[in-house]
Structure formats: C-alpha cells, structure tokens
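Undergrad: One-letter residues, chain by chain:
Number of protein chains: 2
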Amino acid sequence: MALISEIGKRLLKAREELEDNKLDALLITNPKNLLYFTGKDTGRALIMRNDAVLWVKELYRDLYSEIYSNAGYEFDLRIYEEGTIKNLINKSKIKRVGVENMGISEFNRLAGEVKKELVHCKIPETLRAIKSGYEIELIKRSANMAKMGMKKAYETVKEGIKELDAVSKIEYEIRICGSETPPFGEGMLLASGASGADVHAHAGTKRICLGSLVVVDLGARYQGYYSDMTRTLAVGKLGKKEGELLEFVENLELETIDRVEVGTKASELHRFVEKSMEKKGYKFYHSTGHGVGLNVHEIPNIGPKSEDVLKGGMVFTIEPGIYIPGKFGIRFEDMVLLQKNRIELLTR
Amino acid sequence: MALISEIGKRLLKAREELEDNKLDALLITNPKNLLYFTGKDTGRALIMRNDAVLWVKELYRDLYSEIYSNAGYEFDLRIYEEGTIKNLINKSKIKRVGVENMGISEFNRLAGEVKKELVHCKIPETLRAIKSGYEIELIKRSANMAKMGMKKAYETVKEGIKELDAVSKIEYEIRICGSETPPFGEGMLLASGASGADVHAHAGTKRICLGSLVVVDLGARYQGYYSDMTRTLAVGKLGKKEGELLEFVENLELETIDRVEVGTKASELHRFVEKSMEKKGYKFYHSTGHGVGLNVHEIPNIGPKSEDVLKGGMVFTIEPGIYIPGKFGIRFEDMVLLQKNRIELLTR
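Chains A and B supply the protein sequences, listed in that same order. Note that the numbering used here has the first sequence beginning at 1, numbered continuously upward. Note that the numbering used here has the second sequence beginning at 349, numbered continuously upward.
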C-alpha cells in the first residue's frame, strides 16, 4: 500500500523536526493533519521520537482496519478513552509537547490536564507544504477535474441563464467526474456583472447579461487533495475598458508565474502584483495566492506580510484580481507546481 | 429592511449579556458571528455598552453600502487599518473585553497588542441558539430545500447506480431549488451497504446493490441558515435483521422527539437514546443531535457531556444511528423547532 510507505516518510520528517525544535512529542488533533500522518482524519495521534500512538473510537478501529492493521503501519493503535492521552504524556519522560493551532478553550483544557510544557508549533503544516511525488499525482487528478468543470462553465455561462442554475450544472459536472466534494467549503463562486466585484460573492438568482464579465472560481477534491482555479468569462462583446482590463489581469497572472522560482520570497511576488496594478491605477484587495493540498488554503501564503519562501515541491495558486464596486470584477487563477528547475501549470 | 431591525435586537441582547458578564466590550472576528451582528460576514466588530464599531476593507464598504449606510444601522463604519482596533481599545475606558474561541496564535497576538483583560466568552453562540421569528422563517425555507433534495434521493437511489452519480443528481436538485451552498462543508453524505457503517462516509464509485440500506444525509442553506436531515433508504427487499433495525431506529428517533420540551436536559435526552440502544444490544457512537442555524453544528449540543438545557426558540436535530462495521448503518435525523408549548418538525 503506497500510502503506508508515504506515512513512514512523513513520520521520519516529523521526527527530524521534533529534534530541530527540541520537542519530545507532537500531538495531532486537526483532522487534516491526522489524515496526513495517520491516513484517516479521525482520532488523536501522538508522534514521539521513537514511537507513535493513535487513539480512535472503537467503531473506526474496525472500519479502517485495512490501514490500521497493515504490517508496516507505525502507529500503535489504541481505543480512545477519557484521560488516556494525558495519562500517557504525564507518566512518560516527555518534557516538551508540540501542539497545533487549536482554539483557546481547547488549549486551556489541555494545559490543565497535561503537566508538561505545551509549545505551539507549525510542524505538520510546514511539512505538508512540500508535496511528494505521490501527492503531486493526486493533486494533478484533482486539477484535471477542476479543468473539466471549467470546460463546462464555458459551455454553460451564456446570456439569460441564472447564476445559480449555471452553478448547479457546473458543480454537477465536477461531481460526476469523481470529485469527492463539491468545490471548496461553500460551493464554487460564480459572479456576473457587478457581483463580480465581491471577491467572495456566491451565485444568486440573477440572470447573466450580454456584455458582462463572469468570475468563475472552482475546484475539486481527489483522495483528500484540493484543486483551485479561476477564469473570468466574457459574455458577448465587452466594453473597451472591460476588454482591456481582462487582458491586463490575465497577462499579469502569467507574468507573475514567470517570476516564480525556488528561493523567491512570497511577499516580493505579491509586491510585484500590487505595484503592477498601482501603475495601472488599481488597488489590489487580496493576497496573490496560497498553497493547495489537503486544505484549499495552506502554506505558502503569498501575501504582503508573508515570511514564506518558495521551495521545490510546493503547489500554490497565483490569482491577481481587480474589483470595481458597482461595475465588475476580474480574476485569473492557476495552480503552480514548483520543482527544482522548472514550474508546471496544473490548471492550464 | 427587516434585517436592520433584527440587528438592533441582537445588539440589545448582546449588551444585556455584557452587563451580566461584567464585560465592557465584545470583539467579533468569527465570520458567522459577524454575519449575525453586522449583516455581513466580513471585518472586525467591537460591541460596547453604548456604541458599536465595524471595521471593514474599503472594498466592502462600497459593496455592502445598502446595509452599512442604512439609517438604522447601529455600527459606526470605519476602514480597517493596521492597529486601529487595538488603539481604540487601549485608549478607551474599556477594562474587560469578551473574545470568541479563536486560535491560540491569534489570541496570543491579540493579547500582546491589547493592554486590557481578555475574557473568552460564548455570548454570540449563546444568543444565536435562540432563533427569532425572522430566523425561523429562513430556516424553514432552508429545510424545504432539504426536503426537495430528499425527495430526489428517493427517486434516484436505485439498484445499480453509482453512489457518486446519485449524489451528483441530488446535490444538483438542492442547488437548482435555490440553496446557496451544496449540502454542508464537504457535500452530502450517501453511503450504501457496508459504507453506511462509517458515520462520515462520503459517496464513492461503488454501485448500489439490491437489498442494501443507503444512508442519505443532506441539507441546504438559505440566507445563511442551514438545514440538515437524514433518511436511511431500503433498496429492494431487506433481510429480517436490517428491516427490524430500520424500524427500530426510526421509531426511536420519533420517541426521542416526543421527549423534547422546554427545560429538558440535553444530556438526559442523549442518555435515553443510549439506553434504548443498549437494551437492544447496540452501542451509540455519536451525539443525539445539535443546534442548526448559521452553522450546521451549533448550540445546543445534545450529547453525553452537554450542560445545555433545551429552550423555546431552539432549532436542533435528533439523529440516532446504529452502525455495524462490515455490514451496514442506519440513521434517521430531523430538525426540531422547540417553542414554548409545542414542537414542530421542520423536515417531515
């Protein structure tokens, strides 16, 4: 089972990080991080220097036995019971435990129970930012489903159709192509005319008009891995300003992608987009892009305050957009796979 | 605008809670809580005893001017800039600020900036648990869309169809009926045969077999308000055990609903379900139900450790289920509206 050997490599890297961060253990409770390290998104996991324990409810032990009882599976599987985790940690020689960015109420409860030092760390998220060959194949499958959805969008978005009816048809296509989920958390974005100026506008009952711009932002999920892409479609003949800006934003997206290489500072890439827009007389209202993987938004953050540096194995979006309240919006977005000496566009 | 007067009432209640909790202000950053108090899910809001401020990005001030510039709108609208919120709080007479359950990294950053006492509170979530007449109408619209989706499920789920193809068609129906989002975060649940034993199983490429049970869990969203319902469908003639248990779980659901009244302890309702199952020889693996509103899961929690008491105006699910690994699963779920002297089933 390829997944089992993947999990082995991930644990190896997590332990290197434990050493670098002078931590004795890493407690995993976030479902996406559980999926990454244990193969399923349930339970609580403790990764130690020489050991790893996974606690799950009885039901899941039986349901996921194909993974959990695999000979190469490194986690010692236990049934979750009240107090078992704190007891293990408190009775062990563990001194410093790395924890994820959980809610303050959960953190305070944990701090009350575990009599060891709790250190907030980003080890899982940092490791997840660098994709393996195995992960890249899954992301490509997911990106292909997004492309099929976008093809359907070009067929469906016509004068007179209601936004929500177009969305229904496009999401249907994405699901029937095999996506495990509809696009993103709350469905795909499709916004025509003035609605397009709202970065997060969802489709409404409005009919699409001739001469309008329609922002279509969609994605898929395959074996846990998301995809994300945006096109702005022209319905009929555009006004001169709209036509010019449409070309400007798409060109800017591609120019930005041209500047991507190993070692590029994410914040500098963002500043390039921001400056290019300012020169043209527009303000840039959101970030330039984000990593994509087991979450739709993950490391790297390609925004103004980011301290991230682009590295080989990262998969992220580049998505400049211009928004004119009361008039229209334009955004183009692609997923970029950065490798040592080259980049690959996964959604073109 | 009915929403503006709703917001006024919500602010009034929030201020009563501030007084009861000896807080001078409430900082709102969670998108659902922003939606509840400000009418839109963006920005940062500070509700004080005699004042309220909303900071948003410039873009949203223009996009949402219909709400924000309404004469009856109580929030003083300001453009968000780095440092504006902490400056206002630090320079004011505010001593104790209520904050939501944010992540520890966000909380620590805030605590470093704001030189006043920060107190974790659940004021927004507690207020949101009691629905107004205005909200109930929206929830009913949402529940009706879920019912349309379930009707489609009964038409679609047949021997030989792939799970994911059935899901594509049912979600299409829900969207075309006007749901703002596909069901829930990651799509609806549809699990046939042995997959049904996985409480959170999503549809796969498996074909539905004759004689199997299919768990269908779906919902919709209308003007921000979710709905949630589950049926277990029998495809063809069931085995004796399956048929008996199907009837048992549906009856148990209805018996549990019969026990709902103002003042019922949520944990006692849960214990009733648990005991009924144990008598039959089965273990109950999840909670009995949850509130539904601007989140799919909110207060009340109807589970073993809940301290919630059922109150008039609450809308929540009752959803007992039995899961037999390797064999099948059965769950029935309805949304209940509890009012002073009566209950109303929103999804029957």
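Be careful, since some hints might not be right.
Below, computed lysine to any residue pairings styled on SDA-like, alpha-carbon distance capped at 20 Å [as the list claims (entries may be wrong)]:
| id | chain 1 | residue 1 | chain 2 | residue 2 |
| --- | --- | --- | --- | --- |
| 1 | B | Lys405 | A | Gly103 |
| 2 | B | Lys470 | A | Leu110 |
| 3 | A | Lys9 | A | Gly103 |
| 4 | B | Lys675 | A | Arg61 |
| 5 | A | Lys122 | A | Pro31 |
| 6 | A | Lys86 | A | Gly103 |
| 7 | B | Lys405 | A | Arg78 |
| 8 | A | Lys206 | B | Gln571 |
| 9 | B | Lys370 | B | Ser453 |
| 10 | B | Lys554 | A | Leu110 |
| 11 | B | Lys554 | A | Glu66 |
| 12 | B | Lys631 | A | Gly281 |
Treat the hints as calculated values from the structure; they're not laboratory data.
Undergrad: Can you give the numbers of the hints that this structure goes against, from lowest to highest?
TA: Violated hints (numbers, rising): 1, 3, 7, 9, 10, 12; every other hint is consistent with the structure.
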